[in-house]
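Top to bottom, those sequences are chains A and B. Positions 676 to 1044 (my numbering) are the ones given, in order, by the first sequence. Positions 377 to 667 (my numbering) are the ones given, in order, by the second sequence.
Incorrect hints may have been included.
Under 8 Å between C-beta atoms, here's a sample of chain B residues computed to sit facing chain A [claimed, not checked]: (1) 420; (2) 426; (3) 560; (4) 630; (5) 634; (6) 637.
From chain A, some residues computed to sit far from chain B (all C-beta separations above 10 Å) [what the hints assert, rightly or not]: (7) 731; (8) 746; (9) 747; (10) 821; (11) 978; (12) 993.
Capping the alpha-carbon separation at 30 Å, the derived lysine-lysine pairs in DSSO-like fashion look like this [said to hold, decoys possible]: (13) B:646 / A:805; (14) B:646 / A:807; (15) A:805 / A:852.
Think of the hints as simulated: they come from the structure by calculation, not from any bench. Think of the CB as a built atom: it goes at the ideal place given N, C-alpha and C, for glycine as much as any other residue.
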Amino acid sequence: MSSVVLTEISKSYVDCQALDNVSLTIEEGEFMTLLGASGSGKTTLLNVVAGMIAPDTGSVLINGIDMTRMESRKRGLGMVFQSYALVPHMSVAENIAFPLKIRRMPADEIQRRITSILQIVQLEHLANRKPKELSGGQQQRVAIARCLVYEPPVILMDEPLGALDKKLRDQLQKEIKRIHHETKVTIIYVTHDQEEALFLSDRICLMRAGRIEQLGTPKELYFNPRNTFVADFLGESNLLDCRIQSEATAVLANDQLIRIAPDCENPPATGTRRRLMIRPDRLRFVDTPSTELNMVYGTVEDMAFIGEVTRYSLRVGKDKVVLKARPTDNSRSVLIGNEVCVGWNPDEALLLSADEAAQAATRGPFQRG
Amino acid sequence: MDSLHTINNRGHAVYRRGETRNRWRWPAFSTVAACLVYAYLILPSLTVIPISFSESFSFSELSLTLYRRLFESSTWMTAIGNSALVATLASTAAVFAGTPAAYAFARGRFQGRSLAQLIVVCPLFVPVIVIALGIYFLGARSGTLGSVGILVLAHAMYAMPFVVVMVLSGLRQVNPSLEQAGYIMGASSLRVFLQVVLPQIRISVIAGWLFGFLVSFDEVIIAWFISGPQTETLPVRMYSSIMWDNTPEIAAVSTLLTLFSFVICLVMIKVGGVESVHASGAPHPRRDVRT
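Working from the sequences, and respecting the hints, build out all of it.
Quick look at the structure:
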């Protein structure tokens, strides 16, 4: 059974359309991430589910019940906030007991549940501490426990890791994933961090300007983005203008002929303009020309060591191209200013329809020089 | 003087400190000016203190006669009792009305909120004499002049803006997503207010009550208009004493009143200071080890 069904939700404010006819179905037990930049409508959508914002049109079904006009306290949901939202004058155990007392559970049942939930979030030893005496990561785990303890059908998480530093964020991501795996609770998770979304989600709903840009599994979004906006949002990507020549060939801006992977389902018409997307880690330096690969020539403009890989910025004609390679991949050392040949396997490049709005707002490495 | 001096001239602190150790220097102009202003502010309150320890209005040898006469006088003691009763009731009423009002102003989204807020803080801006006159007319019409009830009502109204301002400042420290979390967990508005919000703003509420108490205890104009022989409050008694009886006990009363207000102010500064450090609902991660 579907847990949450949102149908044609719209919400506009005086100066903007926050949600524009959004329909989304979240399955039971699913980890759904609403991903987007600020102002994309992801938080508004979450608040519509929570009942804190009433949509102008559309309906919200939770567990098959129409809750569009229901007060948030009657929806029986759980929510985790970026600011933890723990009651400061209550201890960890009292905070977790709070929703149970609202539900008038007997004291021994409350005690039993607190014990078992503290085990799940591994904070048994801190039950009597006040929230102020805990670290940020521990506080957020208490907040998650406070949600889990009354077993709501859906837990909403509004950028829960936004206030934590990188290392803690990574730890808590693993923790959330484990808890989701163990409890099988439906989670709707809001973030602007694409790595977080890719790591945690069963499905990602990428939003822009109040609309759903693409909905799919992390792999689908990463390897098969619907347009250049999606490609650019999830990880770095190189985008090259090209014109379709035939089913298997296209022409780059500098009139160079390249091979493309034929798209059987939806072959692009000859002569149409497309953008060729290549992930930086799929590009490689080519020493000996090979017929297997498409190859372009460029100049190394910059290079930076960023951990496991080195990130090279190249200029190819008028375009900037980014290449990521392990330093050990090439025995030959590449230096700034070198003329290099880079190549890619046609199967690892993707043809995208040019997205005008995304081009204007591109934040990625690809910029027309 | 040395420390003030070096702080005021931080830029040359080291150099000057070395010099002042050896010979006298004129204090900085700002130090002198500040001391003069302090004296200007505090001198009127202090003058009554030496008088209160003399035999009558003129300075003589040190004595507690005035205090003894004060505590033996039933008119003074009745006035103090009246004031304490009225101030307690009025301030309590102001807290019961003002705390929910402040919460509504801080969190509510309703039509006419600014207007409502304006009405509540009105007594701060309207000349007190006008309020007093208005209450006098209302009291005369309803025949309640001279009763404790009308005094309490009038002073509660007069103290409420202070309570609202105090509680509003306390509410600014409370993280609103805490209340949202409460609602989503299924709590009613009343429960959220009583169990989540109120414990966090309790210091502000107490400070508001103390402030209201002080405001009512010190208020003379409204009380002058509407109190009767049975309900004469302390400030009214003091005023009549100056105008008609010219009894020297007033110096002792004034000293006690100053001391009392001073103590309440100290308490408020103390709890207010504690509040700004502890009552914050915002997250502040620390000791981020071992999570």
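The hints, checked one at a time:
With a cut of 8 Å, the hint placing residue 420 of chain B at the interface with chain A is violated, because the nearest CB-to-CB distance is about 43 Å. Using the Cβ-Cβ criterion of 8 Å, the hint placing residue 426 of chain B at the interface with chain A is not satisfied: the shortest such distance is roughly 47 Å. With 8 Å as the threshold, the beta carbon of residue 560 of chain B comes within range of chain A, its nearest partner Cβ sitting at about 5 Å, so the hint holds. Hint on residue 630 of chain B is violated. Least Cβ distance to chain A is approximately 41 Å, over the 8 Å limit.
Checking residue 634 of chain B against chain A: minimum C-beta separation of about 36 Å lies over 8 Å; hint violated. For residue 637 of chain B, the shortest C-beta to C-beta distance to chain A is roughly 31 Å, which exceeds 8 Å, and the interface hint is violated. With 10 Å as the threshold on Cβ separation, the claim that residue 731 of chain A sits away from chain B holds: the shortest Cβ distance comes to roughly 17 Å. For residue 746 of chain A, the condition that its CB be more than 10 Å from all CB atoms of chain B is violated, with the nearest at approximately 8 Å.
The beta carbon of residue 747 of chain A sits about 5 Å from the closest Cβ of chain B, which is not more than 10 Å, so the claim that it is off the interface is violated. With a cut of 10 Å on Cβ distances, residue 821 of chain A falls inside the contact zone with chain B, its closest approach being about 8 Å. Residue 978 of chain A, annotated as away from the interface, keeps every beta carbon of chain B farther than 10 Å; the closest lies near 34 Å. Once the 10 Å rule is applied to beta carbons, residue 993 of chain A is consistent with being away from chain B; the minimum gap is 46 Å.
This hinted pair checks out: residue 646 of chain B and residue 805 of chain A have alpha carbons roughly 23 Å apart, not beyond 30 Å. At most 30 Å may separate the alpha-carbon atoms for a hinted pair to count; residue 646 of chain B and residue 807 of chain A meet this at roughly 21 Å. Restraint check: the Cα-Cα separation between residue 805 of chain A and residue 852 of chain A comes to about 26 Å, which is no more than 30 Å; the hinted pair holds.
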